[in-house]
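The hints should help you fit chain L onto chain H, whose structure is shown.
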Amino acid sequence: MNNSLTNYLLHLADTTLILSQRNSEWCGHGPILEQDIAITNISLDLLGQSRNFYQYAAQLIGNTDEDQLAYLRKEREYKNLLLAEQPNGDWGQTILRQYLFSQFQYLLFQQLKESKDEQLAAIVIKSVKETTYHLRWSSEWVVRLGDGTEKSHQRMLYAIDELWRYTGEMFIAVDYEKEMGIDFNLLKDEWLQKVKLIFDEATLSLPESTFMQTGGKEETHTEHLGYILADLQYMQRAYPNSQW
Amino acid sequence: MVIALTIEEQNILHLLEAVTDPEIPVLTIHDLGILRGATVKEDKVEVIITPTYNGCPAMDMIAMNIKLKLAEHGYKNVTITSVLSPAWTTDWMSEDGKRKLKEYGIAAPNKRFAIAKDGVECPICNSTSTNLISEFGSTACKALYQCNDCKEPFDYFKCH
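Residue numbers (my numbering), protein chains in the order written: chain H, 59 to 302; chain L, 2 to 161.
Don't take each hint at face value.
Said to hold, decoys possible - Calculated pairs, EDC-like style, for lysine to aspartate or glutamate (alpha carbon to alpha carbon, straight line, at most 16 Å): (1) H:Lys-187 / L:Glu-47; (2) L:Lys-118 / H:Asp-125; (3) H:Lys-132 / H:Glu-277; (4) L:Lys-77 / L:Glu-104.
Unchecked claim - Where chain H lies over chain L, by a calculated footprint (3+ residues, C-beta under 8 Å): (5) 95-108; (6) 131-137; (7) 145-153.
To be verified - Take a look, some chain H residues computed to stay more than 10 Å from chain L by CB distance: (8) Leu-102; (9) Asp-125; (10) Ala-180; (11) Ile-181; (12) Ser-300.
In short, the hints are calculated from the structure, not lab data. Backbone N, C-alpha and C fix where the C-beta goes; we use that ideal spot for every residue, glycine too.
This is chain H alone, in the form it adopts within the complex (with noise of 0.2 Å):
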């Protein structure tokens, strides 16, 4: 079994089921009937590619499958990134999240289609087509808030506070990335030089801050991640084996 490969896949389809979690919650409850609907659709978007990267991953641990490895792991045993478990806030932040997380996914996916493992690049050529819509989406609902009004505006930047620490981890190789063959440096470079445009674009500007927080990679979690379990793992907790 190659470990490396393991916890990648899993890292990747924990970001992706966390994210997807956080956008559901917006089901029946977006500012307006097509954007609820756009925000669900990329939650179904993004549990799709975690049942690929889940179903992957079992494949090579064995004796499991994607509902023990989503259902059945702890806060502790998550990889996810600390940016995709972060509260939804208003709809600024929400909007905020997904587009630096998209453009963070689109451009790890360019990398990531060379990869040498056939069964990756297969999940990441179809998916990319999906985070295509998102970055388009998120990107132009970034600038419509950003260059809005003063409300909206004096809001993206509160949302800009909340998130920018949680970026940093991303571009951060931990152990089991570093076989992966990404090229971390140039992932930071390319995504930066993107963001900036359309924050300027958003008449907004990046943080002069740099702390980051991290860990999420590494299983450490911020006390969001518990609360997120509690729901999505309930009723296989409650009833174990139940299905449906």
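Below, chain L alone, put in the same frame as chain H:
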């Protein structure tokens, strides 16, 4: 793709052409390009399908309907294998499928609108004076439009 199919495999594919998409029942899995192949080894049948969108909930139902359809014809030992590569694209949708979509009231994928924008032809009155309402529609594969002439809202099956 040149792979010699046995007569039985051809028959199975032919049977499965009747399985439809639960969300868009006018389209068969053959029209959509989801059905990629079938192999028979002794009494074991393997059907190969490819998902449209990763999270599409219709895929599980399609897999079940394939098993049911084959069971009707006596095939009991059936496995469904989902392959991701090459990634599904709307280019695989048959011309017949596109025609059926339009008749059903959904605008078919059109390369000129690879990125969804205003102007997709209204499937009801054929006007091209239409507005994109949202790039995300009632299912992952569709975008939402409104026609400025007949005023009807309609779905556009996105290029993917």
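Okay, the hints, checked on the actual structure:
| no. | hint | in the structure |
| --- | --- | --- |
| 1 | H:Lys-187 / L:Glu-47 | 28 Å, violated |
| 2 | L:Lys-118 / H:Asp-125 | 38 Å, violated |
| 3 | H:Lys-132 / H:Glu-277 | 10 Å, holds |
| 4 | L:Lys-77 / L:Glu-104 | 36 Å, violated |
| 5 | 95-108 | violated (count 0) |
| 6 | 131-137 | holds (count 4) |
| 7 | 145-153 | violated (count 1) |
| 8 | Leu-102 | 4 Å, violated |
| 9 | Asp-125 | 13 Å, holds |
| 10 | Ala-180 | 4 Å, violated |
| 11 | Ile-181 | 6 Å, violated |
| 12 | Ser-300 | 18 Å, holds |
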